[in-house]
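Novice: Using our numbering, count along the sequence shown one by one with no gaps and you end on 439.
Source of the hints: derived by calculation from the structure; they are not laboratory data.
We put the CB at the ideal spot given by N, CA and C, even for glycine.
Do not take every clue at face value.
Here are the computed distance ranges between Cβ atoms for each label pair [stated by the list, open to error]:
hint: 1; residue 1: P261; residue 2: G56; range: 43 to 49 Å
hint: 2; residue 1: A289; residue 2: R205; range: 25 to 31 Å
hint: 3; residue 1: A289; residue 2: D365; range: 17 to 23 Å
hint: 4; residue 1: A236; residue 2: Y438; range: 25 to 31 Å
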Amino acid sequence: MPRPVATPPTRFLAAVTVLGLGVLGLTACAGNNEEAFNTYRHGIEQVPGLTHFESGLSRAVPLVPTGRIQVELPADRGVYDALVAATCGKDRGIATTFEYTVTGEHTAFTVQDFPCTTQKFDPLKIVAAADSVETKTTLSIGNLSPGLAPSPTSSDQPFTQRVRLDTGNDPADTFALFAAIAPQLPDNTLEIEGDHLRASTESAAEVTTLASDLAALNETVPLLSATFADTLTLDTVSEPDTAGIVAFLTARSPDLYRDHSIISRIGVPDAAVAPPTDAALALQTWVNNTLGITGGVSENTLTLRLPNVDEVDTVSRQIAEHGTDLVGVVMITPAAGAGVPEFVSVPNTIRPGTTPGDNPFPVLTERFRALAHTEKVRRVEAGRGSLKVWLLPSAVGDESASETVRAVMRGIAEEGALSVLWMDGVPVDGYR
């Protein structure tokens, strides 16, 4: 179980921490809730067939525990059904983040949510579809609307999910994988991310049509990358026949491209889809082999998904001792209810040493904890000189709640001499 690592207090943030004293009366109740969580995770640990189990407790907000559970299992229906039975409809005791990874012959698929039976996709079918491409693949799906429900993928309210797919450096593999898994993806608004693909889709029909069209087009017009939102932008290997591409796609799917214009251009391989650097791959290997954490690499950036900000502190110090050779490191932790927002860092280099200039992450998580105290925030994006915050839906439009968060943000900005300060996509007065 990870142990929180203390960080040097600052005048402003120390003052904010005093707010936590008001919850001292919750100690006995928290103890009972932790007992329920221990019973819950012990039941999951006993599921036969799991290949990995990990759990822990942390307190991003003093005296308010949050739990985390991570499991891995083979793409076996019996094991998966047993996991569902042990996980869903049970008393968790406390706010809990859950992550499970299903492994197939070629595929590792990570779901950052509970495997409840009403979720809008079947992870085993997604793994089977990905395996059919016969390329080593990592997939993940997570929620971009945290704090709305204990388990957004099993609720009926609309939300957005991020799907990440990694197949290596060959764009053809990316488009083949996208076409294979698209029919199995949930019927939600999706943000699709890959080394050669970015897409924002609004329905299952749209994502399936787009994926099929890109795979078909790539067979005749080799693509370097594709981006789909209001328009479809295609980077091609050679000078494109724009009129021919438009005719091909509109003949296949006239309804889709009636509302989305098509732009095609010759791409530059190193600029359009730069391969991972040797330094980034070396750091990825070290983190995996030494810390047991699987990270994703894009160009010169390593992205790590961790269970909570206590782990961010710990892992950043371990990386600092090792050194990064100027590789940018992104760390992301999931939301766990109103008191624990999602944490996302911008890419930061980490150097051997203990000062914020060497390793900025302990300071970034200290700022995160100050904002978490407000219980009004759903997402915190932090960098050395920047802080961007998104409010919970319940706080949007509530001027009192907004001003509470702005006051904390201004205090952080003054203390840390930040130049960029945003709330809900808009600069806070006096900042850019």
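Novice: Each hint needs a verdict: does it hold in this structure or not?
Specialist: Checked hints:
1. P261 / G56: 43 to 49 Å: holds, 47 Å
2. A289 / R205: 25 to 31 Å: holds, 27 Å
3. A289 / D365: 17 to 23 Å: holds, 19 Å
4. A236 / Y438: 25 to 31 Å: Given range 25 to 31 Å: holds, Cβ gap about 27 Å.
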